[in-house]
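A.B. asks: Protein sequence lines, in the order shown, are assigned to chains F and X.
The first sequence runs contiguously to residue 334 in my numbering.
The second sequence runs contiguously to residue 287 in my numbering.
Since the hints were derived computationally from the structure, they do not count as laboratory data.
Even for Gly, the Cβ is constructed at its ideal location relative to N, Cα and C.
Some hints here could point you the wrong way.
As the list claims (entries may be wrong) - Negatives, chain X to chain F, calculated, CB over 12 Å:
| hint | residue |
| --- | --- |
| 1 | M1 |
| 2 | W46 |
| 3 | R50 |
| 4 | D54 |
| 5 | L56 |
| 6 | D58 |
| 7 | E59 |
| 8 | R60 |
| 9 | I70 |
| 10 | P77 |
| 11 | P108 |
| 12 | F138 |
| 13 | E140 |
| 14 | K236 |
| 15 | M241 |
| 16 | T249 |
Unchecked claim - Computed footprint of chain X on chain F; a stretch qualifies when at least three of its residues, placed anywhere within it, have a C-beta under 8 Å from a C-beta of chain X:
| hint | region |
| --- | --- |
| 17 | 182 to 194 |
| 18 | 204 to 215 |
Unchecked claim - No farther apart than 20 Å at their CA atoms in a straight line, the calculated lysine to aspartate or glutamate pairs in the EDC-like style are these:
| hint | chain 1 | residue 1 | chain 2 | residue 2 |
| --- | --- | --- | --- | --- |
| 19 | F | K48 | X | E136 |
| 20 | X | K236 | X | D58 |
| 21 | F | K325 | X | E136 |
| 22 | X | K194 | F | D2 |
Each chain, written out:
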Amino acid sequence: MDPVTSRPGRLLIHAFLLIFAIYSFVPFLWTTLQSIKKLKDASSRTPKFLFTPSLENYEELWLRSTPDNPEALAFLFLLALLILLCMLLFAQYIPLRRSIVYGAATLGFIALLWMMPRLLHTARFYDYFINTLVVTGGTILVSISIGCLAGYALARYAGLLGVVVLIAALAFRALPRLAYVLPYYWIGSALNLIDSHILVIVTLVAVNQPFTIWMLRSFFMEIPKDLEESAMVDGAGRLVAFLRVIIPVMWPGIVATALFTLLLAYNEFLLVRILTQTNWTLPVAISRFTGGEDPRHLTLAAAASVSATIPIVIVILFFQKQLVKGLAAGAVKG
Amino acid sequence: MDRRIFLGFAAPSMVIMTLLMVVPLAMAIWLGMHFMTYDNVLEPQWVGLRNYGDALGDERFWQSVTFTAIYIAVVVPSWIVIGFVVALLLDQVTGLARGVYLSVFLLPFIIVPVVGTIMFRQLFEPSGLLRWVYQELFNERFRYTEQTVKSLVLIHGIWHVTPFTLVVYFAGLQTLPQDLMEASGIDGASRLQKIRHIVIPHVRSLTLFILLFSIMDSYRVFDSVYVLTELNPLYKANTIMTYTFQTATQLERLGKANAMAVLTVIGIMVVLIPNLYLSWKEQIAER
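Using the sequences plus the hints, can you model the full thing?
C.D. replies: Shown next, in the form of structure tokens:
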């Protein structure tokens, strides 16, 4: 639309947008404030904006006991994190193959996470965090691998069967979760898999598969057919052409789809709530703080909520473009 | 690509979807015909259609259906109207400001729904900011009652999903037919006339899409209602999903819960079938 040029008009637009931004942001701001207050300040009936900030809620949430030399440990941890982040950000300047650099950085992260309980007395919340990482990572890996194969096939196959699969996927995506999750509970009990990561990952892959194949298909359709056809003329088989020629140009699409799969797995509550007993992921663990009897739950819930949100904020900051494009594309392409 | 290769590529995905979506759905119908609690999960007892009758005769089930209908009727139009208006306003700013606004606006939608609801609830806890504001404004105490909990569920619903419609409309606005806009400008059309006669028709197909998807999504709303109503089940602010969940967990009637899940699947068909028909036609045309 053509821009409003008059000065009062522009001021009015910014005023409205600012109000909407505040409306969107107030719960985050308030919860963050609550999470760094001592319990006495946080439960005051008149809101306190002047208080001595304290990290004791986070400490209680993540640690079972205070370490002897917290400053030194925090320093070492941040240093390791910084080195790994630099490796990822400046990968192109390192004179090694990309895959080696990324692999090493990933291993470094895993080592760091593995070391943590051995250096500190971490609390249960840390285990839930690790569970979430395992479930999310596993879901992305499986879902994207099989989704790419199916999405590619659906983009290139013109037969009626392809349309049937797509429409069936659309139907299954729209059905209420509970209709699957309750039978999953039965299957899990029969196979004695309740509370295992594998059950959660496999079922999450299944319920997200319709979305994944639709999104990946739309990206594959943007890749011209000539690309793999010329490779196949040169003697490569369909699978080799797919792996060597198509996948390398598909990376933006794969990253965008992985991003949404990450959010779906990270956010999932109902399925994990029913299929686990103690091996919770973060959403289920955090929902336990809303019981209400223990007054400490007020600030612990705040600290837990902020902790679970920080990774998402990082994701938004880095991938805002892909997120907006993906959300909009989902609408335009169905 | 021929059919054999297609099946080869699509097999892993199709197998997992058949085993974990088609089969469980059939199982839900079958489990719904059994009396099942957590003690006899693996040896359920056949009761025929009694669970379905039970569910349909259950007053609380119908209460949850009513509240779900109210939820859809309030929340979906709000998403569409607020999302469209804010998208129009956001379209007016450019550069860095646009990115910053967009990031902030997206937060409620991107965040873990359970966490978002807890954050929202923090505002209304006894020491919450908005509870205090309410008390200062109206000079009366804010209490959790059936009315206030229901209102909170509705307000949270609007807060949570508006960013989605906003982003969709915002993307739609970027593809407005420029020549038409310019021509109407030369003809002296006012801004409101342009919105009325060009922009709204342009985003009509998006609105239809949003409408179908939001009805289906709000029909199965669960996480936020669960967190907001958890304190006291007496508030009767259950939606179909939370009541089914309660039947499965607190009341331990797994068979009945399965039957209710099947009934909700039948219920969604009202919206789903037209949607599928549209997509089918579109896909066949594209082929």
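A.B. asks: Confirm or reject each hint.
C.D. replies: Cross-check of the supplied hints:
Distance check on M1 of chain X: its Cβ comes as close as 4 Å (rounded) to a Cβ of chain F, failing to clear the 12 Å threshold; non-interface status is violated. The claim that W46 of chain X lies off the interface holds: its Cβ sits roughly 15 Å from the closest Cβ of chain F, which is beyond the 12 Å cut-off. Under the 12 Å C-beta cut-off, the non-interface status given to R50 of chain X relative to chain F holds; the minimum distance is some 17 Å. Distance check for D54 of chain X against chain F: the nearest CB is about 16 Å away, which clears 12 Å, and the non-interface claim stands.
Non-interface call for L56 of chain X relative to chain F: holds, since the shortest CB-CB distance, roughly 17 Å, exceeds 12 Å. For D58 of chain X, the shortest C-beta to C-beta distance to chain F comes to about 16 Å, beyond the 12 Å cut-off, and the non-interface label holds. Against chain F, the non-interface label of E59 of chain X holds: every CB pair exceeds 12 Å, the least being about 20 Å. For R60 of chain X, the non-interface assignment is confirmed: its Cβ lies about 16 Å from the closest Cβ of chain F, beyond the 12 Å cut-off.
Consistency note on I70 of chain X: stated as away from chain F, and its beta-carbon is indeed over 12 Å from all of that chain's, at 18 Å minimum. Its beta-carbon lying about 18 Å from the closest one in chain F, P77 of chain X satisfies the requirement of being farther than 12 Å from that chain. With a closest Cβ-Cβ approach of about 6 Å to chain F, P108 of chain X is found to fall inside the 12 Å limit, against its non-interface label. Every Cβ of chain F is farther than 12 Å from the Cβ of F138 of chain X; the closest lies at roughly 16 Å, confirming the non-interface assignment.
With a cut of 12 Å on Cβ distances, E140 of chain X stays outside the contact zone with chain F, its closest approach being about 15 Å. Every CB of chain F lies more than 12 Å from the CB of K236 of chain X, the least distance being 18 Å, so the non-interface label holds. Some Cβ of chain F comes within 12 Å of the Cβ of M241 of chain X; the nearest lies about 6 Å off, and the non-interface call is violated. The non-interface label for T249 of chain X is inconsistent with chain F: the shortest C-beta to C-beta separation is roughly 8 Å, within 12 Å.
Here the region 182 to 194 of chain F counts 8 residues with a CB under 8 Å from a CB of chain X, which clears the bar of 3, and the coverage holds. Evaluation of the coverage hint for the region 204 to 215 of chain F: fulfilled, as 6 residues show C-beta separations to chain X shorter than 8 Å, against a requirement of three. Simply put, K48 of chain F and E136 of chain X have alpha-carbon atoms about 15 Å apart, close enough for the 20 Å limit, and the pair holds. For the hint pairing K236 of chain X with D58 of chain X, the CA-to-CA distance comes to about 13 Å; that is within 20 Å, so the pair holds.
Taking the CA atoms of K325 of chain F and E136 of chain X, the gap is near 43 Å; set against the 20 Å cutoff, the hint is violated. Taking the CA atoms of K194 of chain X and D2 of chain F, the gap is about 10 Å. The hint holds against a cut of 20 Å.
Hints 1, 11, 15, 16, 21 from the list above are not met by this structure, while the remaining hints are.
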